[in-house]
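Here is what each chain is made of, one letter per residue.
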Amino acid sequence: MPDRGYDAVVVGGGLIGSAAAYHLALSGVRTLLLENGDLASGASGANFGLVQVQDAEFGLSLELTLKGYQAFSSLQAELDYDVGYRRAGSLLLIDNDQQWSTVEERVRRLRSAGVDTQLLDGEEVCRLEPSLSPESAIGAQYHPDEGELNPFKLIQAYALRGRQHGLEIRTHTEVTQVRVRAGRVTGVDTPAEHILAGWVVLAAGAWARYLGRTAGVDLPLHWVHGEALITEPLGPLARHSIGSAAFYEATEESDQQEVGFCLRQRPEGNVMVGEAAFVTDALGRGVTANALPAIARQAQRRFPALRQAAVIRGWAIPVAFVPDNRPLLGPVPEVEGLLVATGLKSTIVLTPLFGALIADMVLGREVDPRLAEFSPTRAVAGFAPLA
Amino acid sequence: MSESIELAVVGAGPAGMAAAAQAAELGLPVALADAFSLPGGQYYKQTPPALGGTPTPDEYAPALLAAVQGGGVRWLPGTSAWGLFPESGSQQDQADGSYLLCLYGPPGTPRRIKARTVILAPGAYDRPVPFPGWTLPGVMTAGAALTMVKHQHVLPGQRILLSGTGPLQLVLARHLLEAGAELAAILDANPFPWRGWRDATAVWGQWARLREGWDSLRAMAQARAGIRWSHLVWRAEGDGRVERAVVGPSDGSSHEALAVDTICLGHGFTPAVQLSRLAGCEHRYDTDQRAYIPVRDQWLQTTRPGLFVAGDGAGIGGKDVARLEGALAALGAARTLGRAVAPERVASLQQALDRQRRFAGVLTDLFPLSAHLADLLTDDTLLCRCEEITVGQVRQAIADGATTVSAVRMVTRAGMGRCQGRMCASSVAELLARELGQPVEAVGQATPRPPIVPVPLEGLIDEEEGA
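Chain order of the listed sequences is A and B. Start counting the first sequence at 1; every next residue gets the next number (my numbering). Start counting the second sequence at 1; every next residue gets the next number (my numbering).
This is chain B alone, in the form it adopts within the complex (with noise of 0.2 Å):
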């Protein structure tokens, strides 16, 4: 099966969602795929009905799901986007750009869409970050938890260890205490943010955000769990799941051991530019999050005519960014398929995602990915959990001659599994760079290729067989 349209928006989230509720609005026909089967994403995830339903994430998302789930957006759930190619013989004329959207979904979904514009919105991904004993059962990531405690109302351990950077950790703390958890510490990589004062400005207005840091500040201090300021977890341990956490501080000066059944790791989180990076967009790498990123013009678009990004995927900047990032990407495109836009929604757009963008650049710069991270890596820690690769491996591969995270990957096969180096790319390219002397834009990325998402083998195929 497949389908022509006029604008493909991929990723449901508060980007996906904006953008296909500003085209509706425009009138254009837009499809919007998501790999879960309700819309929402991350930040407006929803609760199945029979868990209990989802509390209104905030006063925006109610509109965005009902335009969404209405009549004017061709909404298509449970899909994964695993291959976007440009239609060929248009590399270098298109004016409008097109595009061949490949899609596995539910028996009727398309497989092909065939979209004149193609707005991405895939957010990002928490970024793994290894140590010795990651792997080891009761280890996970704050999202991971987040959506445990706050979606499927199951506490992921009892005895629970936070270690991290940035407010998600108190956030995660919040949930986590009331929904009767104890926490054994809450470690932050980074130093107490004391120079946040100097953006002031920035915080200025954004109540809803320091209302949500005062209530988890709040349930924090009747819990009695501090913040340990520049400390990290060194080593998880355990027979067959984690009863240990070894802590200190990031100097790595003292250690002490603290009883925990559960880990939950907060570093940030990473763009997933697959699809864009597959679609032969332009990216750069950026310094301050330390990814790469796509390079976008002032209406979101890509180095590819008709082709934008918005929201996280494009550098984290949260769901206010990526909402009005959304908006901002459906004018473009609206633009770019020749409809008239008014110029005052426009500039009403860049204003307020000046004033969001200001904000989530406080918090980038405020916690920043530790540099010590890279001191808790041992020669067994594993680097690679799909092909079970070790630092130790990948250190090897760097002394025979391996200088960029292909050819690590060639020879030790670091990055070759189902993640296709989601996991280990960042970590390989950083201890490159680290072993070599060089900056990490000159050791390479791992490079998407299609299905960039396991599919089943008859969900490549183009028309649905049998069945």
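Only chain A is shown next, with the shape it has when bound in the complex (with noise of 0.2 Å):
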């Protein structure tokens, strides 16, 4: 450790905590990434790998959406690094007619906004999706070219390019404590070591509000304990990265079991199943016994084919989601030195969006104003505080 510490302290090796070290080094920044476990072995690397668009809320995150969607084209140049993004194109399934007009206003609205999407009947869904059950969806909302990517090389690409840059990384370190005197940060402990730092970065997901907790704030955080599974390599069965319009329908936090419906085949053939997910308190990697049953329902009924394929493995993770669909990004205002950037609803899709921003918010750049709306301080309806 230098002797005047690090300017930044990035907390957490995921997506984001990644990014945000590689353009803070990448911009002089003496800064050190800390992660308790391995890079990626949290939310970031138990996803489907989805560069998402045509699911963002309206207003800033959309509009911030297609910005960090368009950096995706020369991203893999930028990094000199194959993350195996590819542009496959996406479908939500339509189950009803009331999912029918939510997605025929959202199509319309995000049309106008300059998104590339569509509607398409139950006919049009099978003739681009032949082995999706006739029965399963009634239309889609559709997008050409929304892409996927590993996330893992993401991550990897991050670290490598940040290292270049003189970016430490410390894994199996866990932070038990953020430093706070006076109103401003000054590092953070770990079991081993007080750590300097004049900025530190929370993007460690859903760990992050128990670390914004030994600063003294409370982060709107609630997280979901999301479960899927993946098969085999099989030959081609989808195409397209496939979810379920069920999600614009607002439902009750709940600690039930919900079941939603996503399914990706990666290039290699296998294909991944999801989510089983309920809401919870309890930050556990554990597969629950009723998960899987769940899921295999689901996708037999979507894709019959699948009734005989070999299920490899499942797995499960905590994911951070903040009540009102928006994400935590911005310096803590009672904390001076504290930066929050996690609770993402789509988080590779702004990613590297994301990274960049958070380097112009430590090196006190000028940033877009109505960032505010993202302070990770805000009133956040449906938020229960900790006791």
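FYI, nobody ran anything at the bench for these hints, they're computed from the structure. No residue lacks a Cβ here, since even glycine has one placed at the ideal position from N, Cα and C. Hints may contain errors.
Computed footprint of chain A on chain B, listed as stretches where at least three residues anywhere in the stretch have a Cβ under 8 Å from a Cβ of chain A [unchecked claim]:
1. 402–414
2. 417–431
3. 443–451
Starting from two chains that each stand alone, build the complex the way the hints lay out.
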């Protein structure tokens, strides 16, 4: 450790943390990235790798999402690393008339905002995805070139390139406390030492709430225990990444298991299917006994050809979300030098952009003043503070 | 379909059969599941009657096989156990244990069994040892070769090289010779076990084993097939299948090419700890066996109340240790369930176990996993067969900062295939430890995830549908 510590300590070696650390190092900021496990060992490494656009919230989120999406066309070249990016397109399946009218309205608004999204009827959907059961959808919201990538590789690319610009990375290092003195961050504690830092960036996903608490801040984060499964490599089954429009239907937060549907076939042929989720306050990683049967039922109803496909594992991870569906991004007004970036609804598409924005904020560069609406200590309806 | 039962036993080798037989004798309702269609496991493997049946493996097997197929045991053949979950809310305060065992078997098999106690007897699998050319057709494990020649009455090849360590190689050699194969050579990675004489007292009384060893040595002498001690196979070569093996002393001082069509690898076994790890039992790394094994008390109970592990799945001990442990674990489960257990029975089992464990310990000591095996790896040697990841790719991941088996897995995909790392995780761990200069236990291990064995999607559903 340098005598004077670091200019910035980033906590969390996932998508946002590694992108932020890379951009900070690139700007000449002496940066340390701390990760409790291995890089990508949280929700950032346990997702389907989708670069999503058409499910964005309207307003600033959508504007940033479109900007973030554009960054992907040059990202591999910038990082000089193959992250497996390709534009496969996506379908959000519509189950009923109510979803149809919601999607119809969304498509109209998205198109006027410049998003290349369309409403397809059931027949058109089955032409695009012949393995899909005709009974399983009355239509879909379609984006012909939404992207996908390998999230492990993206994080690895940021880590490798960051190191080339002086970034230090320590994995298997737990942060136990964010140190604050007289309203200003002074650094972080690990079990072994006190690390001095001018800035502390919390990008620890579901774990960020506990870390925020050590600095006296209760971040408006809840989390779900999300579970999914993957099959052995199969022949061509699905060309697009496939989701369900059901998630537009407002649901009450509940600790009961909810089963949504999403499916993506990896380029290697494995089919990932999700997801079962319940709201939890325990940060466990265990697959639960009821999740796999629930996902399997959904999968074989939508794609009958999957019935005999060998499932080779399931996985589970806590995922942070903010009840108002907008991310936490920006400085904590009460604690100078503390910055939070987590709780994104669809993380990958915003990763390059948020990484650059965090560096801008740390360096005091001017950023869009409207980002104040993502302030990490804003009032969030439906948020239950810690006791 | 879901059932409730007092005791569920997973694995019908000597440990699982002995557990089920002992439980049935005590009148405990017990279910026994095994992935194979006939009970016996590896040690007491049975040949289907159509293939001529099986000669009695030893004096204990007939009674165990009869008990399993008799009325006192709910026998579930052809049934894989893919998940084991402590019942929710019962993590801390559970007194007698209660588990959900997820199964996949033929139509009519329950898919869920709720068991108050569980005995895992999963056995072990051949330790995979990668070297250049090990994925060529014609390279196989000693265990697979033994099954072929002994039970399927098929010779794996005509001119065969055996490479590995320990007495299983002798047994395999004898069966191959008796079936008419030619042995190109028998290589043992370890030096001749002179120091075994120090352990004469542990061997005293092991007459059946000594007899088997003597028979094997005599058959080998007649075939003029000697053992080359401290030797390894360095490379397998051939066009589309094995045609040559390059062999030599384990220090790499010289090499010689042998014309062979088959190479059998017998570097010992690795306990199958996937279910016990999935259930959250504490495990420790055993430096002698170079494997993780579950922590157990004197009743063979794990750190999860009501969950026991018996046999090779808790450390390689052989069939007699397995059989005795199975019976002891059943008594432990009975005790947990509040049944009376005769102290004399416990004492005599423990006494017999001590004796058998001493013998097993001698074998582990004399025939350890050779440190020279790591010297065999070249950058283009395949390490993960499922995802086709090479040693070079793993070394690159380590150079790029990976310090654990999971980190290597995420960056390279080694261990993400259908075997969940059974074939490669220990090799990745050994390679990491060597490259980083760390002990193997510092680099982590593969995480078992349900289903721990591949299951058809529809088989995960708790109720059979349609069909």
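So, going through the hints one by one against the coordinates:
no., hint, verdict
1, 402–414, "holds (count 7)"
2, 417–431, "holds (count 3)"
3, 443–451, "holds (count 3)"
Checked against the numbered hints given earlier, the structure satisfies every one of them.
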